[in-house]
Amino acid sequence: DVKVTQSSRYLVKRTGEKVFLECVQDMDHENMFWYRQDPGLGLRLIYFSYDVKMKEKGDIPEGYSVSREKKERFSLILESASTNQTSMYLCASSPTTEGPTNEKLFFGSGTQLSVL
Amino acid sequence: ILNVEQSPQSLHVQEGDSTNFTCSFPSSNFYALHWYRWETAKSPEALFVMTLNGDEKKKGRISATLNTKEGYSYLYIKGSQPEDSATYLCASLGDQGGKLIFGQGTELSVKP
Chain U
835 DVKVTQSSRY LVKRTGEKVF LECVQDMDHE NMFWYRQDPG LGLRLIYFSY DVKMKEKGDI
895 PEGYSVSREK KERFSLILES ASTNQTSMYL CASSPTTEGP TNEKLFFGSG TQLSVL
Chain W
71 ILNVEQSPQS LHVQEGDSTN FTCSFPSSNF YALHWYRWET AKSPEALFVM TLNGDEKKKG
131 RISATLNTKE GYSYLYIKGS QPEDSATYLC ASLGDQGGKL IFGQGTELSV KP
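Quick mapping for you: the protein sequence lines, in order, are chains U and W.
One rule links them: number in our numbering = place in the first sequence (from 1) + 834.
One rule links them: number in our numbering = place in the second sequence (from 1) + 70.
Everything labelled a hint here was simulated from the structure, so no lab data went into it.
Quick caveat, the model's predicted, so the values are computed rather than measured.
A hint or two may mislead.
[Said to hold, decoys possible] Derived pair list, reagent style DSS-like, types lysine-lysine, alpha-carbon separation capped at 25 Å:
id, chain 1, residue 1, chain 2, residue 2
1, U, Lys837, W, Lys169
2, W, Lys127, W, Lys112
3, W, Lys148, W, Lys181
4, U, Lys847, W, Lys112
5, W, Lys112, U, Lys905
6, U, Lys889, U, Lys904
7, W, Lys169, U, Lys887
8, U, Lys905, U, Lys891
9, W, Lys139, W, Lys181
10, W, Lys129, U, Lys837
11, U, Lys904, U, Lys837
12, W, Lys127, W, Lys169
13, W, Lys112, W, Lys128
14, U, Lys905, U, Lys887
15, U, Lys905, U, Lys889
16, W, Lys112, W, Lys169
17, W, Lys169, U, Lys889
18, W, Lys169, U, Lys904
19, W, Lys112, W, Lys181
20, U, Lys852, U, Lys891
21, W, Lys128, U, Lys891
22, U, Lys889, U, Lys837
23, U, Lys905, U, Lys837
24, W, Lys112, U, Lys837
25, U, Lys887, U, Lys852
26, W, Lys181, W, Lys128
27, W, Lys127, U, Lys905
28, U, Lys887, U, Lys904
29, U, Lys904, U, Lys891
30, W, Lys127, W, Lys148
With the rest of the complex left out, here is chain U:
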């Protein structure tokens, strides 16, 4: 089974801190994604990557950056955390090189980040 592992289940940070959320997948998937989930809203795409060292902005990239130095690892970085970045963050991967066409996503279990 594909496993997508997020480094922390819960995280509490202070405003202005630099925050790293780590995601590792073990099935050699080309595509990796970071989403956030807020009450009453659908999952919103922050950033995605189709290959090592490649990144593309999603729908809400402001305040975030990403890093993909190795195929299995995709990191989300909050350069200076703010309270409006308090959210559930989900990492996902999928196994195509053409983008998420008909391929399902495999998700991690999420990181609930609270920024105080």
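Mind docking chain W on chain U? Use the hints.
Below, chain W without anything else, positioned relative to chain U:
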């Protein structure tokens, strides 16, 4: 930007009831429709990926239909069980550069 809508937002049923919910999506430039189940404290898990108009998929007591011409998909659960309690997400892939657009989810609670 594509708009994917799910209804109802939440649903409370008794064990044994059958239930269904709806996902609406823009029908133009449609590529695929995904359904996921997200149980509390677990990872969202794919149920179905559907691409063809009229497609119907089944997994145990759960089934889904797809109408790409009118832009909707139904998810049915027959004889709901407490373990079916979860948030059900649908996501549409259209002319968005390969990005899935998610609905806000339907939260299902099945009481024993």
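Now the hints, each set against the structure:
A hinted pair counts as satisfied when its Cα atoms are at most 25 Å apart, and Lys837/U with Lys169/W qualifies at roughly 22 Å. Proximity of Lys127/W to Lys112/W is assessed by CA-CA distance (about 24 Å); at most 25 Å being required, the pair is judged to hold. Of the supplied pair hints, the one linking Lys148/W and Lys181/W holds, its CA atoms being roughly 15 Å apart against a limit of 25 Å. Straight-line distance between C-alpha atoms of Lys847/U and Lys112/W comes to about 23 Å, which keeps the hinted pair within the 25 Å bound.
The suggested pairing of Lys112/W with Lys905/U holds, with an alpha-carbon distance near 24 Å, which does not exceed 25 Å. About 12 Å separates the Cα atoms of Lys889/U and Lys904/U, which keeps this hinted pair within 25 Å; it holds. Between Lys169/W and Lys887/U, the direct Cα distance comes to roughly 19 Å. Compliance with the 25 Å bound is thereby established for this hinted pair. Taking the CA atoms of Lys905/U and Lys891/U, the gap is about 18 Å. The hint holds against a cut of 25 Å.
Straight-line distance between C-alpha atoms of Lys139/W and Lys181/W comes to about 36 Å, which puts the hinted pair past the 25 Å bound. Distance hint between Lys129/W and Lys837/U is fulfilled; the C-alpha atoms sit about 21 Å from each other, no more than 25 Å. About 16 Å separates the Cα atoms of Lys904/U and Lys837/U, which keeps this hinted pair within 25 Å; it holds. Of the supplied pair hints, the one linking Lys127/W and Lys169/W holds, its CA atoms being roughly 23 Å apart against a limit of 25 Å.
For the given pair, Lys112/W sits about 22 Å from Lys128/W by alpha-carbon distance, which is consistent with the 25 Å threshold. The straight-line distance between the Cα atoms of Lys905/U and Lys887/U is roughly 9 Å, inside the 25 Å bound, and the hint therefore holds. As the CA atoms of Lys905/U and Lys889/U are separated by approximately 12 Å, the hinted pair is consistent with the 25 Å bound. Of the pairs offered as hints, the one joining Lys112/W and Lys169/W holds, with about 23 Å between alpha carbons and a cut-off of 25 Å not exceeded.
Between Lys169/W and Lys889/U the CA atoms are separated by roughly 13 Å; this keeps the pair inside 25 Å, and the hint holds. Under the criterion of a C-alpha separation no larger than 25 Å, the hint pairing Lys169/W with Lys904/U is consistent with the structure, at around 22 Å. For the given pair, Lys112/W sits about 20 Å from Lys181/W by alpha-carbon distance, which is consistent with the 25 Å threshold. Between Lys852/U and Lys891/U the CA atoms are separated by roughly 19 Å; this keeps the pair inside 25 Å, and the hint holds.
Between Lys128/W and Lys891/U the CA atoms are separated by roughly 35 Å; this puts the pair beyond 25 Å, and the hint is violated. Under the criterion of a C-alpha separation no larger than 25 Å, the hint pairing Lys889/U with Lys837/U is consistent with the structure, at around 22 Å. For the suggested pair Lys905/U and Lys837/U, the alpha carbons sit about 14 Å apart, so the restraint of at most 25 Å is met. A hinted pair counts as satisfied when its Cα atoms are at most 25 Å apart, and Lys112/W with Lys837/U qualifies at roughly 12 Å.
Under the criterion of a C-alpha separation no larger than 25 Å, the hint pairing Lys887/U with Lys852/U is consistent with the structure, at around 21 Å. Restraint check: the Cα-Cα separation between Lys181/W and Lys128/W comes to about 23 Å, which is no more than 25 Å; the hinted pair holds. For the hint linking Lys127/W to Lys905/U, the alpha-carbon distance of about 33 Å lies beyond 25 Å, and the restraint is violated. At roughly 8 Å between alpha-carbon atoms, Lys887/U and Lys904/U fall within 25 Å of each other, so this suggested pair holds.
Pair hint Lys904/U plus Lys891/U holds up; C-alpha atoms about 19 Å apart against a cutoff of 25 Å. Taking the CA atoms of Lys127/W and Lys148/W, the gap is about 14 Å. The hint holds against a cut of 25 Å.
The structure fails hints 9, 21 and 27 (numbered hints given earlier, in ascending order).
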